[in-house]
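**Q** Below, each chain spelled out in residue letters.
Number of protein chains: 6
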Amino acid sequence: MILFTDPYAVRVNGFPCKDAKDVVAGDFFFSGLHMAGNTTNKQGSNVTTVNVAQIPGLNTMGVSLVRIDYAPNGLNPPHTHPRATEILTVLEGSLYVGFVISNHENKLFTKVLNKGDVFVFPQGLVHFQFNNGTNNAVALAALSSQNPGVITVGNAVFGSKPSISDDILAKAFQVDKNIIDRIQAQF
Amino acid sequence: MILFTDPYAVRVNGFPCKDAKDVVAGDFFFSGLHMAGNTTNKQGSNVTTVNVAQIPGLNTMGVSLVRIDYAPNGLNPPHTHPRATEILTVLEGSLYVGFVISNHENKLFTKVLNKGDVFVFPQGLVHFQFNNGTNNAVALAALSSQNPGVITVGNAVFGSKPSISDDILAKAFQVDKNIIDRIQAQF
Amino acid sequence: MILFTDPYAVRVNGFPCKDAKDVVAGDFFFSGLHMAGNTTNKQGSNVTTVNVAQIPGLNTMGVSLVRIDYAPNGLNPPHTHPRATEILTVLEGSLYVGFVISNHENKLFTKVLNKGDVFVFPQGLVHFQFNNGTNNAVALAALSSQNPGVITVGNAVFGSKPSISDDILAKAFQVDKNIIDRIQAQF
Amino acid sequence: MILFTDPYAVRVNGFPCKDAKDVVAGDFFFSGLHMAGNTTNKQGSNVTTVNVAQIPGLNTMGVSLVRIDYAPNGLNPPHTHPRATEILTVLEGSLYVGFVISNHENKLFTKVLNKGDVFVFPQGLVHFQFNNGTNNAVALAALSSQNPGVITVGNAVFGSKPSISDDILAKAFQVDKNIIDRIQAQF
Amino acid sequence: MILFTDPYAVRVNGFPCKDAKDVVAGDFFFSGLHMAGNTTNKQGSNVTTVNVAQIPGLNTMGVSLVRIDYAPNGLNPPHTHPRATEILTVLEGSLYVGFVISNHENKLFTKVLNKGDVFVFPQGLVHFQFNNGTNNAVALAALSSQNPGVITVGNAVFGSKPSISDDILAKAFQVDKNIIDRIQAQF
Amino acid sequence: MILFTDPYAVRVNGFPCKDAKDVVAGDFFFSGLHMAGNTTNKQGSNVTTVNVAQIPGLNTMGVSLVRIDYAPNGLNPPHTHPRATEILTVLEGSLYVGFVISNHENKLFTKVLNKGDVFVFPQGLVHFQFNNGTNNAVALAALSSQNPGVITVGNAVFGSKPSISDDILAKAFQVDKNIIDRIQAQF
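Chains as they are written, first to last, in the working numbering: chain B, -17 to 169; chain P, -17 to 169; chain L, -17 to 169; chain Y, -17 to 169; chain A, -17 to 169; chain R, -17 to 169.
A few of these clues could be false.
Listed next, the in silico DSS-like pairs over lysine-lysine satisfying Cα-Cα at most 30 Å (straight line) [as the list claims (entries may be wrong)]:
id, chain 1, residue 1, chain 2, residue 2
1, Y, K0, P, K0
2, A, K97, A, K24
3, L, K89, L, K3
4, R, K159, Y, K97
5, R, K143, B, K3
6, P, K24, P, K97
7, L, K143, Y, K93
8, B, K89, P, K143
9, A, K159, A, K24
10, R, K3, R, K89
11, L, K89, Y, K159
12, A, K24, R, K143
13, A, K0, P, K143
14, Y, K159, Y, K24
15, B, K24, B, K159
16, B, K159, P, K159
17, P, K0, A, K0
18, P, K24, B, K143
19, L, K24, Y, K0
20, L, K97, P, K24
Honestly, the hints are just simulated from the structure, not real lab data. Quantities reported herein were computed from a predicted structural model and do not represent experimental measurements.
In isolation and in its complexed conformation, chain B is listed as follows (with noise of 0.2 Å):
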């Protein structure tokens, strides 16, 4: 489960694999989550991944821990994980958090979180966190997946490389397409 650089290396899920007689105690380390994210972009949030990627011995265990940085107004915009439900706890400030399950209810569950409240946000739900507090907000979750991906929707839907066809999504939004075009600039 662990990386090598050999590139023909025994390999699992993809990824390679150390002979267990080569493993060392940093293939299971990471260092730097207290590090505060940097939040000056549009959506004054920052997320730092902890998973596989980052940590080799991390590979078919099922789990991974991100840290989200949120500026005053910050928001993770509404996103999905295609491959696992995250549980969230916030360590510092205030969070108002949601997500809305499937069709055809779409009804949306809020909550207002503070310091040492945890939610969960099922697997492959739209969710998101808005930072309603005064101060930078700091939260900690972990997904049930090493590998969990993120699919934040608005870059999907309005910032695909290529663009996806403003006919389209002016269908799909009910809107002109001038309204799509000026969201896809945005992106």
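For chain B, the structure is supplied; the task is to place chains P, L, Y, A and R on it using the hints.
**A** Using the frame of chain B, we list chains P, L, Y, A and R on its own:
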């Protein structure tokens, strides 16, 4: 794995099970998938589902079907299945289809599908089908879950009940709130 | 999850993987499922498979498709899928279908299926489809594995290479060896 | 994971669960696997099963045992386990064993096993054991499921209740209906 | 996946499920993880668990959290999680951590972790954390199960109810029974 | 799923796979499980393993076997299997067996097993077997993994390489360091 009317029946995965001796062939049967769905709606498309809700014998079986009808210019708008990969084949007409991979590439893969063509939409990824022909189109698709779920991006993000606040969505999509309000009004 | 020609490529489940940046839409595509299979054989049926061997992007996805063609009186003879449940729908014609549950009941469940009917054959159970109509029949079926396997009972028991000894089969089926020999001669 | 007599007991996988405080060692216990099964039957073999039906504590545990007794010339006839791989070891005597792989190879793998030999029959494949010695033989086998199921090919194909029509079986095995009828009469 | 008070409620994995229409945000919520646990005990450590027992919405989700507090010289003594891998990050202070791999290597991997460091303890392996600093330490850890279980080696081996006989433990640890008795007296 | 000598062979789960056409019956075979293991050691017991390391065809199959020999008063000392449940049956002699459930109950379940008795040790729990008879005892056990792993508590805690510091173990077991040192000296 079979439906009971007794509320205290044995259940697996939250679905009731019949005693093996009470199982009948009808527990594995559904009829009507040859019937065109009604596409006289804003999207010009219709999905008929055949999963564990329709066929109790599918419980724990990890597979289900859908039929999708498309009027000319009909769209099965961008959506995800939180618990399933989809494999689709075109029975009639022609479709322009696509999916977008996870952050940060957000790469769009598209293909024009004609009768007999098959395409795969991997689990949890945003995907769509658009009838780019002048006649009705029909597709049949299989999903790798008896209860795959579906999240239509527009409905989940702009049409949830209650609504996600327009402050949050304006920030997420980097546009004015009045644009968000206009989109929300469509759902 | 995508096919490579390099024999030293990264592999998952024994199938090679492309580097994400080299993936193309064609890795998720197959064409020709609208083409009738050739049913001029002893059984009067033909199965066209669309699984991980045809679509490399299906690897790890847990689903695949088949098209089955039946001449009048054509039979998809008793068989099992060792790694998948099957859900089948009739596109044209009419089929008499059935499956047998495990020991010791060995109960047979049957149904006549017409166009648009759907039926489920649970994982590993012996099942068959017979065209009981006067025209060709066509079915499309999905399986809960990208590599479901198929074991045709006749071929496996009476047509293996080398043969199972007729002493053993005579005992298993409680008939004279010359009857076994006659059946084996057909395979 | 433990048996309750209350019909409204909590259940997992359709089997009832005891409250943890009511569990006793007996819930994980079975006795009598040293007793020879009665092999005075047509096949000259007998299978004693120890799975979740006998040991409630096996529920969700993914493993079970069987003891198989064979008279001289006794046969455990061709069968499959729809939900399990089997690993067998010979305790007494000698066995000629085999399994057949999936279409289209249908290759037969065989081996003569003596005391202390071990052989693996992969999930869902047709396999058999035949006592090729002059004394009784005994095997112990483990299966990778607490509820593996067993499908004896002869019973499922020629002895189902009701019978599969002899028209269908005559076509499947490419022989006259009277041969099918003769085989069906044995089951 | 949500808690019901009705004893006859639908249950999954032995945990009751609410009907989807009765689910509320509180079913995915827990509060208090910012509160230091009481470390005035022999080990000088305390574990606060947030799993399916605290958050009913975690059922089937495959992930949970714990907070661990350590007094100076506090120890989270050698233990295993029978159903989960653990990924831990240090929120405050410094920890000396380690795990031991399976027989026959029994190799010990250790690391000193400071604030922001992350370490992985693979499923089922014996591991520990020791506060090697002069201040309190705090860690947050995620586990790859909604119900991971914990087996503290000392409690299980020397503190079970009833006790494992000192004959057996004296043999297991190759020391006199009076030493075993002395250890057992501590639990 | 079959062993190759070519270091660049296709691999699944880190084990090499043969091309299907190169597979032979020997890839599913092991011999010698009738041979008594050597119990002239401190514990008076011996475990012979038959897993994926001995039978390459077991890869991905989720099951394996062990034979355990016990001299009179022989002990298979407290241990866990991190990735498997065990089901054991007594072939000869008599065993006193037990397992301890998770915190905080740490309840010990025990049973005396005679020839033909079967007992289950759930995944990851500490368990042991002791020959309480005057003759040799022999057990055969199956495990729900092709690679179950084994962690002997004494070896992992007191015999790791390098050693866990006696400060830590003295605290964990609440005894003087000289007692820990004495135990460590045995391993």
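**Q** Take the hints in turn and mark each one as holding or not.
**A** Hint-by-hint comparison with the structure:
Proposed proximity of K0(Y) and K0(P) is supported: the alpha carbons are some 21 Å apart, at most 30 Å. A hinted pair counts as satisfied when its Cα atoms are at most 30 Å apart, and K97(A) with K24(A) qualifies at roughly 25 Å. Between K89(L) and K3(L), the direct Cα distance comes to roughly 52 Å. Violation of the 30 Å bound is thereby established for this hinted pair. Restraint check for K159(R) and K97(Y): not satisfied, since their Cα atoms lie roughly 50 Å apart, outside the 30 Å limit.
Restraint check for K143(R) and K3(B): the C-alpha separation of about 13 Å stays at or below 30 Å, so the hint holds. A threshold of 30 Å between alpha carbons decides the hint, and for K24(P) with K97(P) the separation of about 25 Å falls inside it, so the pair holds. Restraint check: the Cα-Cα separation between K143(L) and K93(Y) comes to about 15 Å, which is no more than 30 Å; the hinted pair holds. For the hint linking K89(B) to K143(P), the alpha-carbon distance of about 5 Å falls within 30 Å, and the restraint holds.
Note on K159(A) and K24(A): the hinted pairing holds, with a Cα-Cα distance of about 23 Å set against a maximum of 30 Å. Taking the CA atoms of K3(R) and K89(R), the gap is about 52 Å. The hint is violated against a cut of 30 Å. Straight-line distance between C-alpha atoms of K89(L) and K159(Y) comes to about 21 Å, which keeps the hinted pair within the 30 Å bound. Taking the CA atoms of K24(A) and K143(R), the gap is near 27 Å; set against the 30 Å cutoff, the hint holds.
Straight-line distance between C-alpha atoms of K0(A) and K143(P) comes to about 19 Å, which keeps the hinted pair within the 30 Å bound. This hinted pair checks out: K159(Y) and K24(Y) have alpha carbons roughly 23 Å apart, not beyond 30 Å. Taking the CA atoms of K24(B) and K159(B), the gap is near 23 Å; set against the 30 Å cutoff, the hint holds. Proximity of K159(B) to K159(P) is assessed by CA-CA distance (about 17 Å); at most 30 Å being required, the pair is judged to hold.
A hinted pair counts as satisfied when its Cα atoms are at most 30 Å apart, and K0(P) with K0(A) qualifies at roughly 21 Å. The straight-line distance between the Cα atoms of K24(P) and K143(B) is roughly 27 Å, inside the 30 Å bound, and the hint therefore holds. At roughly 55 Å between alpha-carbon atoms, K24(L) and K0(Y) are farther apart than 30 Å, so this suggested pair is violated. Under the criterion of a C-alpha separation no larger than 30 Å, the hint pairing K97(L) with K24(P) is consistent with the structure, at around 29 Å.
Figure legend: structure checked against the earlier numbered hints; hints not met, in rising order: 3, 4, 10 and 19.
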